[in-house]
Amino acid sequence: GAGVSQSPRYKVAKRGQDVALRCDPISGHVSLFWYQQALGQGPEFLTYFQNEAQLDKSGLPSDRFFAERPEGSVSTLKIQRTQQEDSAVYLCASSFRGQGLSGEKLFFGSGTQLSVL
Amino acid sequence: GQNIDQPTEMTATEGAIVQINCTYQTSGFNGLFWYQQHAGEAPTFLSYNVLDGLEEKGRFSSFLSRSKGYSYLLLKELQMKDSASYLCAVRPREPMNTGFQKLVFGTGTRLLVSP
Numbered sequence: 023g024a025g026v027s028q029s030p031r032y033k034v035a036k037r038g039q040d041v042a043l044r045c046d047p048i049s050g051h052v053s054l055f056w057y058q059q060a061l062g063q064g065p066e067f068l069t070y071f072q073n074e075a076q077l078d079k080s081g082l083p084s085d086r087f088f089a090e091r092p093e094g095s096v097s098t099l100k101i102q103r104t105q106q107e108d109s110a111v112y113l114c115a116s117s118f119r120g121q122g123l124s125g126e127k128l129f130f131g132s133g134t135q136l137s138v139l
Numbered sequence: 042g043q044n045i046d047q048p049t050e051m052t053a054t055e056g057a058i059v060q061i062n063c064t065y066q067t068s069g070f071n072g073l074f075w076y077q078q079h080a081g082e083a084p085t086f087l088s089y090n091v092l093d094g095l096e097e098k099g100r101f102s103s104f105l106s107r108s109k110g111y112s113y114l115l116l117k118e119l120q121m122k123d124s125a126s127y128l129c130a131v132r133p134r135e136p137m138n139t140g141f142q143k144l145v146f147g148t149g150t151r152l153l154v155s156p
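Listed in order, the protein sequences are those of chains A and B. In the working numbering, each residue carries its 1-based index in the first sequence increased by 22. In the working numbering, each residue carries its 1-based index in the second sequence increased by 41.
Just so you know, not all the hints are guaranteed correct.
[Unchecked claim] Pairs of lysine-lysine residues, derived as DSSO-like cross-links and limited to a Cα-Cα distance of at most 30 Å, are as follows:
#: 1; chain 1: B; residue 1: K122; chain 2: A; residue 2: K33
#: 2; chain 1: A; residue 1: K33; chain 2: A; residue 2: K79
#: 3; chain 1: B; residue 1: K98; chain 2: B; residue 2: K117
#: 4; chain 1: A; residue 1: K100; chain 2: A; residue 2: K33
#: 5; chain 1: B; residue 1: K98; chain 2: A; residue 2: K127
#: 6; chain 1: A; residue 1: K100; chain 2: A; residue 2: K36
#: 7; chain 1: A; residue 1: K79; chain 2: A; residue 2: K100
#: 8; chain 1: A; residue 1: K36; chain 2: A; residue 2: K127
#: 9; chain 1: A; residue 1: K79; chain 2: A; residue 2: K36
#: 10; chain 1: A; residue 1: K127; chain 2: A; residue 2: K79
#: 11; chain 1: A; residue 1: K127; chain 2: B; residue 2: K117
#: 12; chain 1: A; residue 1: K127; chain 2: B; residue 2: K122
#: 13; chain 1: B; residue 1: K98; chain 2: B; residue 2: K122
#: 14; chain 1: A; residue 1: K33; chain 2: B; residue 2: K109
#: 15; chain 1: B; residue 1: K109; chain 2: B; residue 2: K98
No lab work stands behind these hints, which were simulated from the structure alone. Note that the coordinates shown come from a computational prediction; the quantities given were computed from them, not determined experimentally.
Given the sequences, and given the hints that come with them, work out the whole structure.
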């Protein structure tokens with residue numbers, strides 16, 4: 023597709039339920055980022071992939087959060103045993119290379135709004 | 042640590058000029074970005090500054106002073122469609138061996154343009 027695509031657009035989960043959020047980056051983009059955006063806040067970095075390699079997961083808030091990008095394109099963010107504090111918009115972004123060229127911008131998807139009841 | 046400050050909310054009138062300020066303290070500096078985000082939508086790129094000075098792009102301009110850790114986004118001839126959140130984001134200098142450059146965002150400034 024022309025842009026970064028995320029699904030589902032909205033997800034309601036009961037506390038304790040596992041969820042999986044999908045991201046389709048722009049074709050050919052090497053770098054993929056996941057961000058978490060709480061209501062009224064800016065995006066907070068979660069994790070980064072370069073192709074299939076997860077190079078940084080320092081932003082993942084707990085071991086309940088897991089991300090993968092097995093073939094270097096589509097990525098999935100999984101949250102196990104969801105808690106109310108996990109409620110947020112989860113944004114995926116991609117860039118062509120994401121390294122070297124400091125001016126390279128990120129292209130964002132519209133996000134998945136997760137509500138944990 | 043990383044700290045990026047911008048006002049929470051601003052209001053302006055259609056046709057006016059508004060300046061949104063951003064101050065930052067980060068571990069190294071490798072560029073500053075401004076993104077626009079309409080409610081419920083993806084952030085979209087507006088501007089990029091890595092050297093001091095003013096970058097102009099149509100109705101939008103962005104300024105950077107690295108010595109002061111300061112940037113602003115200037116919006117001219119405001120239109121109703123400019124009502125959105127404006128996100129200031131800094132790219133800190135990453136360790137060389139990671140080979141990537143993430144963005145650190147401020148909380149965003151919500152701009153409301155009224156008729």
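For each hint, the structure was consulted:
no.: 1; hint: B:K122 x A:K33; result: holds (28 Å)
no.: 2; hint: A:K33 x A:K79; result: holds (23 Å)
no.: 3; hint: B:K98 x B:K117; result: holds (11 Å)
no.: 4; hint: A:K100 x A:K33; result: holds (13 Å)
no.: 5; hint: B:K98 x A:K127; result: holds (16 Å)
no.: 6; hint: A:K100 x A:K36; result: holds (15 Å)
no.: 7; hint: A:K79 x A:K100; result: holds (13 Å)
no.: 8; hint: A:K36 x A:K127; result: violated (36 Å)
no.: 9; hint: A:K79 x A:K36; result: holds (26 Å)
no.: 10; hint: A:K127 x A:K79; result: holds (20 Å)
no.: 11; hint: A:K127 x B:K117; result: holds (23 Å)
no.: 12; hint: A:K127 x B:K122; result: holds (23 Å)
no.: 13; hint: B:K98 x B:K122; result: holds (17 Å)
no.: 14; hint: A:K33 x B:K109; result: violated (42 Å)
no.: 15; hint: B:K109 x B:K98; result: holds (23 Å)
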